[in-house]
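Protein chains in written order, with our numbering: chain A, 1 to 282; chain B, 283 to 565.
Keep in mind the hints are simulated off the structure, nothing from the lab. Just so it is clear, the structure is predicted and the values come from calculations on it, not from any experiment. It is possible that some hints are incorrect.
To be verified - Chain B side only, calculated, beta carbon under 7 Å to chain A, not exhaustive:
1) Gln294
2) Ala296
3) Ala454
4) Asp458
5) Ala461
6) Arg464
7) Leu466
8) Gly467
9) Ala468
10) Leu474
11) Trp557
12) Gln560
Said to hold, decoys possible - Just a sample of chain B residues kept apart from chain A, beta carbon distances all over 10 Å, derived:
13) Cys345
14) Thr367
15) Phe402
16) Ala462
17) Pro480
18) Arg548
All C-beta atoms in this analysis are idealised placements derived from N, C-alpha and C, irrespective of residue type, glycine included.
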Amino acid sequence: MIAAPGPGFALARDEDEGAVARTRIAVRGLAKRFNASGREFVAVDDVSFEVKQGEFVALLGPSGCGKSTILNMVAGLLPRSGGRILIDEDTVETGKVNPRVGYVFQRDTLFPWRTVEQNIGYGLEIAGLPRSERAGRVASAVEKAGLSGFAQSFPRMLSGGMRQRVALMRTLILEPEILLMDEPFGALDTHTKLEMHKTLLEIWERERQTVLFVTHDLGEALTLASRIILLSARPGRLREDFDVAIPRPRDPVAVRETAEFGRLYSHIWHSLGEEFRRTRAD
Amino acid sequence: MSNSRSAVLFWQVAILVVVLVVWQWGFEWSKALLPKAYVPKILDPYFVAKPSLIWQSFLRLGCFADSAGFAACINGNDNNLWLATLVTLKNTWWGFLFGSASGIAAGLVLGRSDFLARVFGPYVVALNSIPRIALVPLVILIFGLGDLSKIATAWLVVFFVVFFNTFEGTRAVDRDQIAAARLLGASEFTVLRTVVIPSALAWVFASLLPAVSFALIGVIVGEFIGAERGIGKLIIEAEAHANASEMMVAIFVMMFVGILLAIAVRSLQSYLLRWQPQFEPSA
Ligand SMILES: Nc1ncnc2c1ncn2[C@@H]1O[C@H](COP(=O)(O)OP(=O)(O)OP(=O)(O)O)[C@@H](O)[C@H]1O
Ligand SMILES: [Mg+2]
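Using the sequences and the hints given, assemble the complete structure.
See the structure below:
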C-alpha cells in the first residue's frame with residue numbers, strides 16, 4: 001500500500017530503522033446509521049482503512065458523504081452503529097477521551113471569554129500544571145502561531161486565520177501523537193489557507209505526528225497528505241486509496257508545479273467528479 | 283463629539299429644572315391663572331408634595347435639622363431614615379444574593395440534565411405562574427415580621443427570573459465548545475466550570491439587573507404588608523399621616539438605593555463579560 005520510500009518520504013525514518021511502521025488507527029467495517037424523522041438513514045457504510053505511525057492521511061470526499069461522522073467516531077465523540085475502531089490496539093470507547101489524540105474542529109470552537117494565551121494554555125491549565133511551568137510553553141506556542149503581539153487579545157479581535165492558528169496550537173501544545181483534523185481551514189480564503197498549509201507542513205515535518213485530515217478540497221489533500229483515502233458520495237464508502245509521492249519538505253505553492261501533483265490531480269479529480277455527480281443526482 | 287455631549291447634558295439639566303419648577307410652583311401659578319375647573323389636581327402638593335417641602339422632610343427625617351443633634355435624633359428613633367434604608371438595603375442584598383445563587387445553581391443543574399429538566403419542567407412552569415406578590419402574606423405568616431420574611435419575599439421574586447435565564451443560557455452553550463474542552467482533557471466538572479458557566483454568564487447577567495430591582499420591590503412590598511422597620515414601613519406610616527412629602531423622601535431614597543445596586547451589578551458585569559464587544563473597555 002505504501003510507495004517505495006524516496007528521500008524525505010514520510011516513513012523513511014521508520015524504514016531506515018528496519019522496523020515496519022506500527023498501525024496507529026485501524027478502522028474496520030465502520031458503519032453509522034442515523035434516525036432521521038423515523039426513517040433510518042445510512043451515513044457511513046462498511047468503511048475500513050488503517051493509518052500508520054507518522055503518516056499524513058487525507059480523508060477526501062464530497063460534502064455530506066460522512067467525513068466528519070467518521071472522524072467523530074474515531075475521536076470517540078459519536079457512537080458507531082457497526083464495526084470497530086482501534087487506536088494503538090485499544091478499541092475506541094464513546095465518551096472516553098484518549099490523551100494521545102488531538103482534535104481540530106471544522107467550526108471555530110475557541111473559548112471567546114479566554115484570551116489567546118488562555119485558550120492555548122487551556123489543556124495545560126486544566127491538567128493542573130502550575131502557572132510558572134505553563135508560561136514558557138504557552139509563550140513559545142503563541143510565538144509559533146505567529147501571534148506574539150496578540151497574547152492578551154480575545155478571539156473576536158482576531159482574523160479567521162489567526163483564530164484557526166490559535167485552535168491548532170491549543171491542540172498541539174498537549175503534544176498529541178495522533179492528530180484528527182476536520183476541514184480546519186475550510187472557512188479561510190485561498191491566501192490564508194496557503195499560509196496555514198505552510199505552518200502545518202512545517203510543524204508536521206518537524207514532529208511527524210500521525211494525522212488523519214478531513215477535507216473536500218483536492219488541492220489541499222495533495223499539498224499536505226502522504227496518502228489520500230477517497231470516499232464515495234452518500235452513504236460514505238471507501239472508493240480508492242492513493243499514495244502521494246511528492247517529495248518533502250513541500251512548499252504549498254511550489255508543490256502545485258510538480259508533475260506528480262498534476263498527474264494525481266487529474267486522476268483523482270475524475271473519480272471525485274463522479275462522486276459529486278452522484279451527490280447531485282440524489 | 284463634545285458638542286453633542288454638551289447638548290445632551292444641556293437638555294438633561296433643562297428637563298430637570300422644568301420638572302422641579304413646575305412641581306414647586308405649578309399648582310400656585312395655575313390656581314392664579316386658570317379657572318378652577320382647569321387647575322391640574324396632579325400638581326396639588328397635598329398629593330405630590332413639592333421639592334422644598336420634600337427637602338425639609340428629608341432634613342428632618344435624616345436627623346440633620348434636629349435641635350438635639352444628629353446622634354441623639356438617630357438614637358431616639360428606631361426607624362429613622364438611615365436605619366430604615368440600611369435595613370431595606372440589607373434585606374434586598376441578602377434576598378438578591380440567595381435568590382440569584384439558588385437560581386443559578388438550579389438553572390445549571392436542570393440545564394445540564396435532560397432527565398431532571400423533564401421531571402421538574404411542569405412544576406417550574408406551575409410555580410412560576412403564581413403571581414409572587416400573592417404569596418407575600420403567606421411568607422409573613424410563616425417567617426414573622428422581621429428581616430427573614432423580607433429576605434424570603436425577595437428570594438421568591440429573584441429566584442425564577444435568574445433560574446430561567448441560567449437554564450436557557452446553559453442550554454445555549456455551544457456543543458462543539460464542550461466537545462473541544464473534553465478532547466483537551468476536561469472532566470464533566472471542569473467542563474461546567476470552564477465552559478458552561480462562562481458561556482452562560484451573559485444570560486445570567488441579563489437577568490441579574492432586573493433581579494436587583496425585583497428584590498427591592500419584594501422587600502418593599504413585604505414591608506408594606508408587615509414589618510417593624512424599613513423604608514416600606516416608613517412609607518406606610520407617612521401614608522397614615524397623609525404626609526406626601528415624607529413619602530416622597532422615602533421614594534427618592536429608594537431610587538438612589540436602586541441606582542447604586544444597579545451600578546454595582548453593572549460594573550461586575552462589564553468586568554466578567556469584558557470579552558464581549560459591548561463591554562469592551564472604551565479606549
Ligand atoms: N446527528 C445527525 N442526525 C442525522 N443525520 C446526520 C447527523 N449528523 C450528520 N448527519 C448526516 O450524515 C451525513 C454525513 O454528514 P457529515 O457531517 O459527516 O458530512 P461531511 O462529509 O463532513 O460533510 P461536509 O464536508 O459538508 O462537512 C449528512 O448527510 C448529514 O446530513
Ligand atoms: Mg464535515
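Taking the hints in turn, this is what the structure says about them:
| no. | hint | in the structure |
| --- | --- | --- |
| 1 | Gln294 | violated, 33 Å |
| 2 | Ala296 | violated, 40 Å |
| 3 | Ala454 | violated, 13 Å |
| 4 | Asp458 | holds, 5 Å |
| 5 | Ala461 | holds, 6 Å |
| 6 | Arg464 | holds, 6 Å |
| 7 | Leu466 | holds, 4 Å |
| 8 | Gly467 | holds, 6 Å |
| 9 | Ala468 | holds, 5 Å |
| 10 | Leu474 | violated, 12 Å |
| 11 | Trp557 | holds, 4 Å |
| 12 | Gln560 | violated, 11 Å |
| 13 | Cys345 | holds, 47 Å |
| 14 | Thr367 | holds, 37 Å |
| 15 | Phe402 | holds, 25 Å |
| 16 | Ala462 | violated, 4 Å |
| 17 | Pro480 | violated, 4 Å |
| 18 | Arg548 | holds, 18 Å |
Against the hints set out earlier in the document, violations occur for numbers 1, 2, 3, 10, 12, 16 and 17.
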